[in-house]
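These are the residues of each chain, in order.
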Amino acid sequence: MVSVTFIEHSGKTHTVAADLGHTLMETAIKHDVPGIIAECGGACSCATCHVYVDEAWREATGAPNEMEEDMLDFAFDVRPGSRLSCQIRIADKLEGLVVRIPEHQN
Amino acid sequence: MTDETVRTDALIIGAGPVGLFAVFELGLLDIKSHLIDILDRPGGQCAELYPEKPIYDIPALPIVTGQELTDRLMDQIKPFGAGFTFNERVETIRKLEDGSFYVETDQGSAFEAKIIVVAAGGGSFTPKRPPLPGIEGYEGKSVFYAVRKMEEFRGRDIVIAGGGDSALDWTVNLAPIAKSLTLIHRRNDFRAAPDTVKKMRALVEAGQMNLVIGQISALNGADGVLSGVTVKGPVDGKDAVFDLPADRLLAFFGLTMKLGPVANWGLNLNENLIGVDTEKFETSEPGIFAIGDINTYPGKLKLILSGFHEAALMSQRALKIVYPGKKVAFQYTTSSSSLQKKLGVAPTPAE
Numbered sequence: 000m001v002s003v004t005f006i007e008h009s010g011k012t013h014t015v016a017a018d019l020g021h022t023l024m025e026t027a028i029k030h031d032v033p034g035i036i037a038e039c040g041g042a043c044s045c046a047t048c049h050v051y052v053d054e055a056w057r058e059a060t061g062a063p064n065e066m067e068e069d070m071l072d073f074a075f076d077v078r079p080g081s082r083l084s085c086q087i088r089i090a091d092k093l094e095g096l097v098v099r100i101p102e103h104q105n
Numbered sequence: 000m001t002d003e004t005v006r007t008d009a010l011i012i013g014a015g016p017v018g019l020f021a022v023f024e025l026g027l028l029d030i031k032s033h034l035i036d037i038l039d040r041p042g043g044q045c046a047e048l049y050p051e052k053p054i055y056d057i058p059a060l061p062i063v064t065g066q067e068l069t070d071r072l073m074d075q076i077k078p079f080g081a082g083f084t085f086n087e088r089v090e091t092i093r094k095l096e097d098g099s100f101y102v103e104t105d106q107g108s109a110f111e112a113k114i115i116v117v118a119a120g121g122g123s124f125t126p127k128r129p130p131l132p133g134i135e136g137y138e139g140k141s142v143f144y145a146v147r148k149m150e151e152f153r154g155r156d157i158v159i160a161g162g163g164d165s166a167l168d169w170t171v172n173l174a175p176i177a178k179s180l181t182l183i184h185r186r187n188d189f190r191a192a193p194d195t196v197k198k199m200r201a202l203v204e205a206g207q208m209n210l211v212i213g214q215i216s217a218l219n220g221a222d223g224v225l226s227g228v229t230v231k232g233p234v235d236g237k238d239a240v241f242d243l244p245a246d247r248l249l250a251f252f253g254l255t256m257k258l259g260p261v262a263n264w265g266l267n268l269n270e271n272l273i274g275v276d277t278e279k280f281e282t283s284e285p286g287i288f289a290i291g292d293i294n295t296y297p298g299k300l301k302l303i304l305s306g307f308h309e310a311a312l313m314s315q316r317a318l319k320i321v322y323p324g325k326k327v328a329f330q331y332t333t334s335s336s337s338l339q340k341k342l343g344v345a346p347t348p349a350e
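Protein chains in written order, with numbering that gives the first Met the number 0: chain H, 0 to 105; chain A, 0 to 350.
Among the clues, some could well be false.
Looking from chain H toward chain A, a few residues come up when the C-beta cut is under 7 Å (computed) [unchecked claim]:
# : residue
1 : C39
2 : S44
3 : W56
4 : D69
5 : D72
6 : F73
7 : V77
8 : P79
9 : S81
None of these hints come from the bench; they were simulated from the model. No experiment lies behind these values; they were computed from the predicted model shown. Glycine included, C-beta positions come from ideal geometry on N, C-alpha and C.
The whole structure should be built from the sequences, with the hints applied where relevant.
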C-alpha cells in the first residue's frame, strides 16, 4: 500500500491508500474519487481518466508511451504532466504521489 | 436514409456483441431482426473502444480481441440475414394500435417492428464536446463535429482541431474549397494514416493551409456566429496566447457515450439504466426489451456473457409476441434437424 493524493479542480483533496500493482485509475474508482470517468475501463482507449501529475512526481511516474500520447490527443487542456491514470501503475516509489484532476474529462 | 418503412419482426437498437447475438437467438425461433447503430460498423464498444484489446472472459474463448469477437459473431449470425442500418440513431419509438412499434431515426429512416430490443450498451456514441465556454450556442451553425455537407464549408475560414484520422482526412478534403484552413493540434505528431499526414504536410509546404501547434482555449463571436478562436500554444519556444480568425470550427476529439434519446422513450429508468425483469428482460413497456449493459436488475453484472444469456431468455418471450399461440419445443443446436436447417449446416448423422 502506498498513499496517493488526488486534488479535484475545486481544490478538494482525497488522500487514499493505493494497492501496489493496481493502476492509479483503479485506485480513484475504488475510492470514489470524482472526476475520473474511465469510460473504457482502463484500455487506454478513451482519455477520460486524464490527470496532471504534480511536477515533483513526473520523473517517478515517467512519460507516456506512444499509445498513451496518441490517446491524450482526445483529452482537453493537455499540459506538461498530463497522463492517463489507467497507464500509471502503483509502485513503492510512488509513495506520496500527488495528481490533479482536470475540470472536464469529456 | 430510406424512403420506405422497413418492416421486421425484431428491431434491435445497438449492434454491439449483445445486439448481434440476439439476432442468433431470435433467428433460431424464426424471428427476423434488423439492427440500427450510430457507428459505421458492427461491434459497439468492442469495435470503437477496444478493437485490439484482448477479452479474457468469453466462455470457451480464452483470449479474443474486441474485433475478433465482433467478426465471429457476424459470422455466427450470417444464416439469419439480419438487416443493418449504420450511422443512424433511433430518436422516437411509438406504439401502434395493433401493438407493434413505429421507430424513426435522426436521419428520418422509418421502421415498423413487432418487438423492440434495446441493446444500446452505454448509450449512443457521440462526439466529444471540447469544454469551451458557450460552445453549445455555436453548434450546428459555426461549430461542427462531422461534415455532412461539404458545401457548408466552401469559401470559409475553417479551423480544424484534432490530430486523428477524421481531423486529417477533412483537412486534406476541405483545404481546396476553403478560403483559409488552419489545423490546430497540441503536438507535431499525428495518429493518422501516414499518407494523409504526408498530404497535409505538402499542403502546408505549398502555402495552401496552416498548421498551428496548440490548443483552443476560447471561442470568439456572438449569436452562434463564430469570428475566431483563441489558441494557447508555443510561439518561438515560449508559451503564448493568440487569436485566429475563423467562421467554421470542426472539432475531432473522438467519441464518448451518452444515454441520448433512450431517456425519451417512456421506459422506467434507474440511474440511466433500463429496469427489466430477469425472466423476460422486458422493460416497463410490454414488447420493448432491454439486454446487455443498458439494463439493470438485482445482481446485474455488465459482462458480455450476461448479455448473451439475457438475449436467449428475451427471445423466448419475443416468440410469444411475434408468433402468438405457436408452440415451439425447446431444442438444441447439436441435435435438432430444424435448427440445423436454419443454421444452414448439414444435419447430424443418425446414431
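Subject >> W56(H) as chain A interface residue, shortest Cβ-Cβ below 7 Å >> reply: 22 Å, violated
Original post:
Close enough to count: is the Cβ of P79(H) nearer than 7 Å to one in chain A?
Top reply: Violated: closest Cβ of chain A sits about 10 Å from P79(H), beyond 7 Å.
**OP:** Have a go at the S44(H) hint: is there a Cβ in chain A nearer than 7 Å to its own Cβ?
**Re:** S44(H) check passes; min Cβ-Cβ to chain A is 4 Å, inside 7 Å.
Original post:
Quick one, is the S81(H) hint okay against chain A at 7 Å, beta carbons?
Top reply: 9 Å, violated
Original post:
Can we keep the F73(H) interface hint, with Cβ of chain A closer than 7 Å?
Top reply: Result: holds, 4 Å to nearest chain A Cβ.
Original post:
Would the hint on C39(H) stand, with a C-beta cut-off of 7 Å toward chain A?
Top reply: 4 Å, holds
Subject >> Hint check: 7 Å Cβ-Cβ cutoff, D72(H) to chain A >> reply: 5 Å, holds
Original post:
Does V77(H) pass the interface check with chain A, least Cβ-Cβ distance below 7 Å?
Top reply: Result: holds, 5 Å to nearest chain A Cβ.
Original post:
Quick one, is the D69(H) hint okay against chain A at 7 Å, beta carbons?
Top reply: At about 4 Å, which falls below the 7 Å cut-off, the nearest Cβ of chain A leaves the hint on D69(H) intact, so it holds.
Of the numbered hints stated above, those contradicted by the structure are hints 3, 8 and 9, listed in ascending order.
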